[in-house]
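Q: Chain by chain, the residues run as shown.
Number of protein chains: 2
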Amino acid sequence: MPSRRRDRRKFLKNTALAAMAMSAGVVDSAHAQAGDSHAPYSKERHLYGRRSRFETATRYIREPGIPLPNYVMAGLTPIQDSIGIITPSGLHFLFTHGGHAPPDIDPRQHRLMIHGMVERPLVLSLDEIRRLPSVSRIHVLECGGNSGPLHYRQALRAKLPFTIQSVHGDVSCSEWTGVPLSLLLKEAGLKKGASWVLAEGADGNRHTMSIPIEKAMEDVLIVYGQNGEALRPEQGYPLRFLVPGWEGVINVKWLRRIKLSDQPFMTKNESTSYLNMGVDGKARWFQFEKAPKALITFPSDAHRLPGRGFYQISGLAWSGGGTVRRVEVSTDGGRTWKDAQLQDPVLRIAFTRFTLPWNWQGEEAVLQARCTDDRGIAQPSLAQLEQFWGVASNYWKTGNFSNFNAIQPWKVNRDGSIVNAMYNF
Amino acid sequence: MPSRRRDRRKFLKNTALAAMAMSAGVVDSAHAQAGDSHAPYSKERHLYGRRSRFETATRYIREPGIPLPNYVMAGLTPIQDSIGIITPSGLHFLFTHGGHAPPDIDPRQHRLMIHGMVERPLVLSLDEIRRLPSVSRIHVLECGGNSGPLHYRQALRAKLPFTIQSVHGDVSCSEWTGVPLSLLLKEAGLKKGASWVLAEGADGNRHTMSIPIEKAMEDVLIVYGQNGEALRPEQGYPLRFLVPGWEGVINVKWLRRIKLSDQPFMTKNESTSYLNMGVDGKARWFQFEKAPKALITFPSDAHRLPGRGFYQISGLAWSGGGTVRRVEVSTDGGRTWKDAQLQDPVLRIAFTRFTLPWNWQGEEAVLQARCTDDRGIAQPSLAQLEQFWGVASNYWKTGNFSNFNAIQPWKVNRDGSIVNAMYNF
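Line order of the protein sequences matches chains A and B.
Anchor point for the first sequence: position 39 equals 39 in the working numbering, and the numbering is continuous, going up by one each time.
Anchor point for the second sequence: position 45 equals 45 in the working numbering, and the numbering is continuous, going up by one each time.
Don't take every hint at face value.
Unchecked claim - Straight line, CA to CA, 25 Å or less: simulated BS3-like cross-link-like pairs of lysine-lysine:
(1) B:338 to B:159
(2) B:268 to B:215
(3) A:268 to A:215
(4) B:159 to A:43
(5) A:191 to A:215
(6) B:43 to A:159
What the hints assert, rightly or not - From the structure, some residues in chain B lie toward chain A, with a derived Cβ separation under 10 Å:
(7) 42
(8) 102
(9) 174
(10) 187
(11) 237
As the list claims (entries may be wrong) - Which stretches of chain A does chain B cover? Using the computed rule of at least three CB atoms under 8 Å from a CB of chain B, they are:
(12) 48 to 59
(13) 75 to 86
(14) 138 to 147
(15) 260 to 271
(16) 305 to 316
Hints listed in this document are in silico derivations from the structure and should not be mistaken for laboratory results.
A virtual CB, placed ideally from N, CA and C, is assigned to each residue, including glycine.
Using the sequences and the accompanying hints, generate a full structural model.
A: Right, here's the structure in full:
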């Protein structure tokens, strides 16, 4: 049944199916081949559903020492497969210090203590916390080192590939539910001069970080829910700190203690790592807000274009300091830029999905996206970032790894393969 | 460390912890008792994460014949545990005709055929569909019979309890990703007069339903994604029809065929069931839009208030015809109503979380919520609904079961127990 009006077929005209003759039999036999099962229900199987056995996307696990230090383990989100703005909880990135598995905490035994410079120290059970006024918010959570040069350097040293997942997969977005920290601090009563807040986890490492009181009172949540159910163990079950827009390391998991003080606590992770080093060798401390970033997730180095024709360029943008206002996309190596469409809802400190239609005619192309947030802060190119930090070239060789948000270029080759064009190794 | 300013403790003043004296040792020993494990990582365990072994919420499974007809199986969402607006995919409700388990479809073999009154019949693979322009939208999905009198009647006959989960759990909300049906129909080219769209599933039952072309072109999606990953098998993997705001039965799962016609197809489910029967014995056909509804999820009959004091009343509201504009809550059996707070984001045809602070002083109380959508359509009381349908009383005894949205009252007893006060059995 060939068409006489093929020109109207805007998206499908270059695909192989255009001239196929169709009948119900074609579909019937396709399903017969697929071996559909129509077995009776298994009650147990459907109490808590699982994904199809044909779905195989997983986290990319970095085991201790390969290539990270042996006290760090990481699992990176398959961001190349992402759709929409919610990350499935089973695929949310994880990054853990101390070399231990997530603790296996019985929520009935878990307590949160709030003490230090407060009028009324508190110890709260989960039941007590869940009884308090709660809020749910969709927020992005990103590791300080996500996208960073350290990923490239470590991968090169360990002779591992660097891919969109292994370089950019330390970021996820969930609907989080919990109690505003400000509410708990008002219940406890801040003493005069209380200006820093320590959060401590119940993991083997007793992970600790401190944040200024201004952020604590603004939007920090004590979270027990993720995507409509309890937090997953890898994200801090049964309780975590959620510090919207600030580096993952501060979002203390398995939260058991909050202490108020009149000065920062200078914990290991805030005084000896998670720094930004200048060329003068001096470190910048407590610089935790994540900068605006846009990342093209399709197409990227995980994909190969099967042929010329229509593609929808799609990606994720976010800013730790506000709401995404604009995403521009270039398909010609940065010569020209077009405004991408932002998909509703566009929420504060959350993934925003952007798309741009693209017709690929088989040419070499470099795809890039850049984000501007509602404060007008725009994502820099690598050259701009190097200029800012005073590093002439090969930024990836420096010790800096926190808060790297240079525009990520993907180079499309004539054969449809795609490579990371961030650095020329 | 007793407080001299206990009056400031707004939420916690009635809980047992108020006068507790705290030290780090208390928390330490609580965790020692909990037997935290700090075992080395298991790579396999973290490729695709699971929930904590302490989390046990499941669907409520209605097996064939108990109490539903033996060709129907259902799994209802534990809505009493819901937090936020996203339903975890593993707990999304399911309702299946035909008595079979969800088909086990290989997506590489699956095809979608579009034929009938179109210029260019199409057969599309999943890869081809995923290459088309896609959108993601957060939408509620609700079974036609959710909350309906049939639930009560069947439970009574089968001597089963009716609970918030078994009566109201046929509703869930997800972020869905897919291709607008309007785009596919434009590709195929509608023939003059094409006015009805048939959707057919690849399940054992070959489930079929038809919708008018106006709805098809407005907002229907051909969906392959749910909450950031592939559709779950119970929700139609690898492809489903999503008809925003219309009864679940129309949202055909395991979608394999779309046919255009100049008249409705009068399939079994649209001509002999999923009807609304008037007192004159005549059926209303093709009345599929879900009416506005608000449901208090906490506290409800699944909970027991542990004592007097502060509680946050919390629930979900939605409308199949638009956006929730207002939710009012009564704690005194309908004598007075207060506006609940609507939590952002408030999205079209999606769960909207509402909350209202409540101080319970131990009295008998009846809690109710009612929803008004942005068209000004308000949720009726049971008495109003009975008046509308011309049923004097005992609405639950009638054959009507579609689109029931009477206000659900929960009665709080003096001992803190809570019962369903919809009907007096």
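Q: Evaluate each hint against the coordinates.
A: Now for the hints, and whether the structure bears them out:
Only pairs whose Cα atoms come within 25 Å are accepted, and residue 338 (chain B) paired with residue 159 (chain B) is rejected, the gap being roughly 37 Å. At roughly 20 Å between alpha-carbon atoms, residue 268 (chain B) and residue 215 (chain B) fall within 25 Å of each other, so this suggested pair holds. Using a Cα cut-off of 25 Å, the hinted pair residue 268 (chain A) and residue 215 (chain A) holds, with the two alpha carbons roughly 20 Å apart. Taken as a hint, the residue 159 (chain B) and residue 43 (chain A) pair is honoured in the structure, with Cα atoms around 20 Å apart against an allowance of 25 Å.
Between residue 191 (chain A) and residue 215 (chain A), the direct Cα distance comes to roughly 17 Å. Compliance with the 25 Å bound is thereby established for this hinted pair. Our distance criterion of 25 Å between C-alpha atoms is met by residue 43 (chain B) and residue 159 (chain A), whose separation comes to about 20 Å. For residue 42 (chain B), the shortest C-beta to C-beta distance to chain A is roughly 7 Å, which falls under 10 Å, so the interface hint holds. Evaluation of the residue 102 (chain B) hint against chain A yields a held restraint, the C-beta minimum of about 9 Å falling below 10 Å.
Hint status for residue 174 (chain B): holds, given a least beta-carbon distance of 9 Å to chain A, under 10 Å. Interface restraint check for residue 187 (chain B): the shortest CB-CB distance to chain A comes to about 5 Å, inside 10 Å, so the restraint holds. For residue 237 (chain B), the shortest C-beta to C-beta distance to chain A is roughly 5 Å, which falls under 10 Å, so the interface hint holds. Closer than 8 Å: that is the beta-carbon criterion, and the segment 48 to 59 of chain A has 11 residues meeting it against chain B, so the requirement of 3 holds.
Remark: the segment 75 to 86 of chain A is confirmed as covered by chain B, as 7 of its residues place a Cβ nearer than 8 Å to a Cβ of that chain, reaching the required three. Coverage of the segment 138 to 147 of chain A by chain B is violated [criterion: at least 3 residues with CB-CB distance below 8 Å; count 1]. Under the rule that three or more residues need a Cβ within less than 8 Å of chain B, the assignment of the segment 260 to 271 of chain A is violated, with 0 such residues. Coverage of the segment 305 to 316 of chain A by chain B holds. Counting CB-CB distances below 8 Å, 5 residues qualify, and the rule asks for three or more.
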